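S.K.: Letter by letter, the chains look like this.
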Amino acid sequence: MKQTLITLVEDKPGVLNRIASLFRRRNFNIESLVVGHSETPGVSRMTIVADEKDAHKRGNIYFNLLKLVNVVAVKDVSNLPCVSRECLLVKVTIGPDELNSLNTITKQFGARIVDMGAETAIVEAVDEEETINEFVEALEPFNITELTRTGKIVMRCGKTHRVSGTRINTQPDDIMWSPEQVSSYH
Amino acid sequence: MDEKPKKLTGAEIVWECLIREGVEVVFGYPGGAILPTYDAFNKYRDKVHHVLVRHEQGATHMADGFARASGKVGVAMATSGPGATNMITGLATAMMDSSPIVCITGQVPTAVIGSDAFQETDIIGATIPVTKHSYLVMKVAELASTIREAFFVARTGRPGPVLIDLPKDVQNAVTEFKYPDAPIDLPGYHLPKETSDEYIGQFVQMVDDAEKPLIFAGHGVLLSNACKEVMNLAQKSSIPIATTLLGIGGVPDSHPLVLGMMGMHGEAWVNKAIQDADLLIACGMRFDDRVTGNLKTYSPNSKKIHIEIDASEINKNVQVDLAVHADLATVLRQVTPRLENRERKEWRKTISGWRQESKVRDVQSFESDSLLGAQAIRRIWEGTNGKALIISDVGQHQMLEAQYYEHDDPRTLITSGGLGTMGFSLPAAIGASFHEKQREIWVVVGDGGIQMTIMELATAVQENVNINIAIINNGYLGMVRQWQQMFYDARYAETPISSPDYVKLAEAYGMSGHRVDKLDEIIPTMKKAQKQEGPTLIEFVVEQNDMVYPMVPAGADLHDMITRPDPSFMGNGEKKEKERIK
Numbered sequence: 001m002k003q004t005l006i007t008l009v010e011d012k013p014g015v016l017n018r019i020a021s022l023f024r025r026r027n028f029n030i031e032s033l034v035v036g037h038s039e040t041p042g043v044s045r046m047t048i049v050a051d052e053k054d055a056h057k058r059g060n061i062y063f064n065l066l067k068l069v070n071v072v073a074v075k076d077v078s079n080l081p082c083v084s085r086e087c088l089l090v091k092v093t094i095g096p097d098e099l100n101s102l103n104t105i106t107k108q109f110g111a112r113i114v115d116m117g118a119e120t121a122i123v124e125a126v127d128e129e130e131t132i133n134e135f136v137e138a139l140e141p142f143n144i145t146e147l148t149r150t151g152k153i154v155m156r157c158g159k160t161h162r163v164s165g166t167r168i169n170t171q172p173d174d175i176m177w178s179p180e181q182v183s184s185y186h
Numbered sequence: 001m002d003e004k005p006k007k008l009t010g011a012e013i014v015w016e017c018l019i020r021e022g023v024e025v026v027f028g029y030p031g032g033a034i035l036p037t038y039d040a041f042n043k044y045r046d047k048v049h050h051v052l053v054r055h056e057q058g059a060t061h062m063a064d065g066f067a068r069a070s071g072k073v074g075v076a077m078a079t080s081g082p083g084a085t086n087m088i089t090g091l092a093t094a095m096m097d098s099s100p101i102v103c104i105t106g107q108v109p110t111a112v113i114g115s116d117a118f119q120e121t122d123i124i125g126a127t128i129p130v131t132k133h134s135y136l137v138m139k140v141a142e143l144a145s146t147i148r149e150a151f152f153v154a155r156t157g158r159p160g161p162v163l164i165d166l167p168k169d170v171q172n173a174v175t176e177f178k179y180p181d182a183p184i185d186l187p188g189y190h191l192p193k194e195t196s197d198e199y200i201g202q203f204v205q206m207v208d209d210a211e212k213p214l215i216f217a218g219h220g221v222l223l224s225n226a227c228k229e230v231m232n233l234a235q236k237s238s239i240p241i242a243t244t245l246l247g248i249g250g251v252p253d254s255h256p257l258v259l260g261m262m263g264m265h266g267e268a269w270v271n272k273a274i275q276d277a278d279l280l281i282a283c284g285m286r287f288d289d290r291v292t293g294n295l296k297t298y299s300p301n302s303k304k305i306h307i308e309i310d311a312s313e314i315n316k317n318v319q320v321d322l323a324v325h326a327d328l329a330t331v332l333r334q335v336t337p338r339l340e341n342r343e344r345k346e347w348r349k350t351i352s353g354w355r356q357e358s359k360v361r362d363v364q365s366f367e368s369d370s371l372l373g374a375q376a377i378r379r380i381w382e383g384t385n386g387k388a389l390i391i392s393d394v395g396q397h398q399m400l401e402a403q404y405y406e407h408d409d410p411r412t413l414i415t416s417g418g419l420g421t422m423g424f425s426l427p428a429a430i431g432a433s434f435h436e437k438q439r440e441i442w443v444v445v446g447d448g449g450i451q452m453t454i455m456e457l458a459t460a461v462q463e464n465v466n467i468n469i470a471i472i473n474n475g476y477l478g479m480v481r482q483w484q485q486m487f488y489d490a491r492y493a494e495t496p497i498s499s500p501d502y503v504k505l506a507e508a509y510g511m512s513g514h515r516v517d518k519l520d521e522i523i524p525t526m527k528k529a530q531k532q533e534g535p536t537l538i539e540f541v542v543e544q545n546d547m548v549y550p551m552v553p554a555g556a557d558l559h560d561m562i563t564r565p566d567p568s569f570m571g572n573g574e575k576k577e578k579e580r581i582k
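Line order of the protein sequences matches chains A and B. Read in order, the letters of the first sequence correspond to residues 1 to 186 in my numbering. Read in order, the letters of the second sequence correspond to residues 1 to 582 in my numbering.
No wet-lab data here; the hints were simulated from the structure. Bear in mind the structure is a predicted one, so any value in this text is a computation, not a measurement. Heads up, a few of these hints could be off.
[What the hints assert, rightly or not] One side only, chain B facing chain A, incomplete, derived with CB under 7 Å:
#	residue
1	Pro129
2	His133
3	Ala311
4	Asn315
[What the hints assert, rightly or not] In the DSBU-like style, the derived pairs of lysine-lysine whose C-alpha atoms are separated by at most 30 Å in a straight line are:
#	chain 1	residue 1	chain 2	residue 2
5	B	Lys178	A	Lys12
6	B	Lys139	A	Lys12
7	A	Lys53	A	Lys2
8	B	Lys43	B	Lys437
Heads up, the beta-carbon is just placed ideally off N, CA and C, and yes, glycines get one too.
Just need the whole structure built from these sequences, with the hints factored in.
M.R.: Below is the structure:
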């Protein structure tokens, strides 16, 4: 499974540079990285997805991120219940007889057409990564001329919540925000 | 602090802040973009001493040497562009060896940043991988708090280099100056808190349960001022201690529990003990590949405790059973009183046995027509009563120093361990000499390394620093040559290296120079040098074909050591040695 890290950073020049430099220098692979504002002014929130399976190396990524002076907190949510979303924009060329089937597929996936040109349409989808993958696959019969994905953003679910009728107790909220739990992580 | 705010330029604020941080000496080199700060220096000459170096790399090594000798933050200053890029090697050296330095670089004015202006370099971008942290100061109002923060970051936690890039217009801008005294607000800077009793309990249990434990003393022992605490731990439970290269001096070499250095050129009995141990207590070290050899076969039967202030070092190379993310001295003070008193006679006897075996092969007892590097180092040890501050460079002489100079006091060996920076020693010694006024200071350097930063001889003479430079000259880049001999079938590609006449060179620079090539000349020549005020140089002409033993080849198992062959090879040199290796 991919490693997903919510990272809160000070909103200062060069911080993205420091994170990117760290991943390159330590030979960690970034799958996606999304940056934007958080609920706190002056603090940006990054969602970093790393492609690393080895548990020790995952810990290494976590602690190296946390070591950066501008990184306020890191949370590894790879194994925690989260709401996870990715946004997709895709432009397809469509002939007059294809519009119906595009409409059907789009509706089926809860996506929407946001632009109609003479020969093209832009479709927008916001969903979990896997669903976006399936949607893109479903669009393959059309001629895809442009495609862009934002990468994943995630948010922890409430402390206790229902998934398909089963109550799941999640871990306390403070786990792994700070470097206190070295041993518990590894 | 009861200060009235006053109007100052950014340049003046730099010096005001340095003085408040307790800085007494700055190593630097002026230039266009740092001119305002140098101009302001004229007003502060009586409070801060500036050392004009001959190359900015030297300035960073001097700051580093000063920091390692004193435990304080060293400061280097340079201009933008080439001045700043020349500092990169020094920053990387300090980063690898956790040395607290602050480098201040001039930068082109804010209005032209990004325009490829004359002598512009994105030095922040270039140094992100080799600094602990860095700052580009865009507003003079933020200058004082930035400098204060930079010093704080450099010296706390795991120390390291911090760079402050200072545009010329910010140096010229005027603002009201008051040195901040509010607590430093760094929400992302996590220093370890107290270790829970649970971990301490586990720690104690593991030590009490062990039959064949070993303590590893790394650089962290010195950085955490935990020398006494480590010895207390060792003595309470009779645990032998092995050191890393940078851990040398943290524990007294003459103490019966102290075994010596571990790793690639560590003592055979130390590496044997590591492979045989059932518990390793790693104190402030990072399991470098030069220490572990092949990780798959590394100390296979031991449990491992790792006490380390930098959490990202834990489980990086070696997976441990108990990780304690904490300040070393604090943790050991909690652990030691709870330990059982143990004697561990059998374990210590086993190690002593291995030690005796190795002693027989010691090069000291060899008869040789030419002077051997190891003998030269041993004489330097005798001639300084083992009490000197040694700054060694990188290569064969560095390993020989680690093996044959016994250090009994903390901070008496300074060397570039992690980065292995040739040319480090001379400037680092100049830097260290601004702190160390009691001990005599000896640079131990090869003929390759000295020629990399030889221009700093001028700085040594200009400052009349009391350092003695021992050049161990074997006419080769010796360690590279050793690898060529062992692993490249003695094809010596570009390792023979010529030298100037060092005696004449010393005289040309205005210092005294001597040359020795016989064992019994060493002490009398040293005496001459020791009597002299200011820098002196002694060239030791040593055997060209000698090698450093024992050696664990890179990536080999730690117990798979190449030990010193029969002494008769010394006479007809390489040929016999080559045969042996085949």
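S.K.: Taking only the CA atoms, is the gap from B:Lys43 to B:Lys437 under or equal to 30 Å?
M.R.: 27 Å, holds
S.K.: Next item in the hint list is B:Pro129. Is there a CB on chain A closer than 7 Å to its CB?
M.R.: Because about 5 Å separates B:Pro129 from the closest Cβ in chain A, which is inside the 7 Å limit, the hint holds.
S.K.: Straight-line Cα separation of B:Lys178 and A:Lys12 no greater than 30 Å?
M.R.: Distance ~24 Å between B:Lys178 and A:Lys12 Cα, so the pair holds.
S.K.: Can the hint on B:Asn315 be confirmed by a CB-to-CB distance to chain A that is less than 7 Å?
M.R.: The hint holds - B:Asn315 has a Cβ within 7 Å of chain A, the shortest such distance being about 5 Å.
S.K.: Given B:His133 as an interface hint, is the shortest Cβ-Cβ distance to chain A below 7 Å?
M.R.: This interface hint holds because 4 Å falls under the 7 Å limit.
S.K.: Does A:Lys2 sit within 30 Å of A:Lys53, going by the straight-line distance between their CA atoms?
M.R.: It holds: about 7 Å lies between the C-alpha atoms, which stays within 30 Å.
S.K.: Given the hinted pair B:Lys139 and A:Lys12, is their Cα-Cα distance within 30 Å?
M.R.: 14 Å, holds
S.K.: A closest beta-carbon separation below 7 Å is what the hint needs, so does B:Ala311 meet it against chain A?
M.R.: Nearest chain A Cβ about 4 Å off; hint holds.
When each numbered hint is compared with the structure, no violation occurs for any of them.
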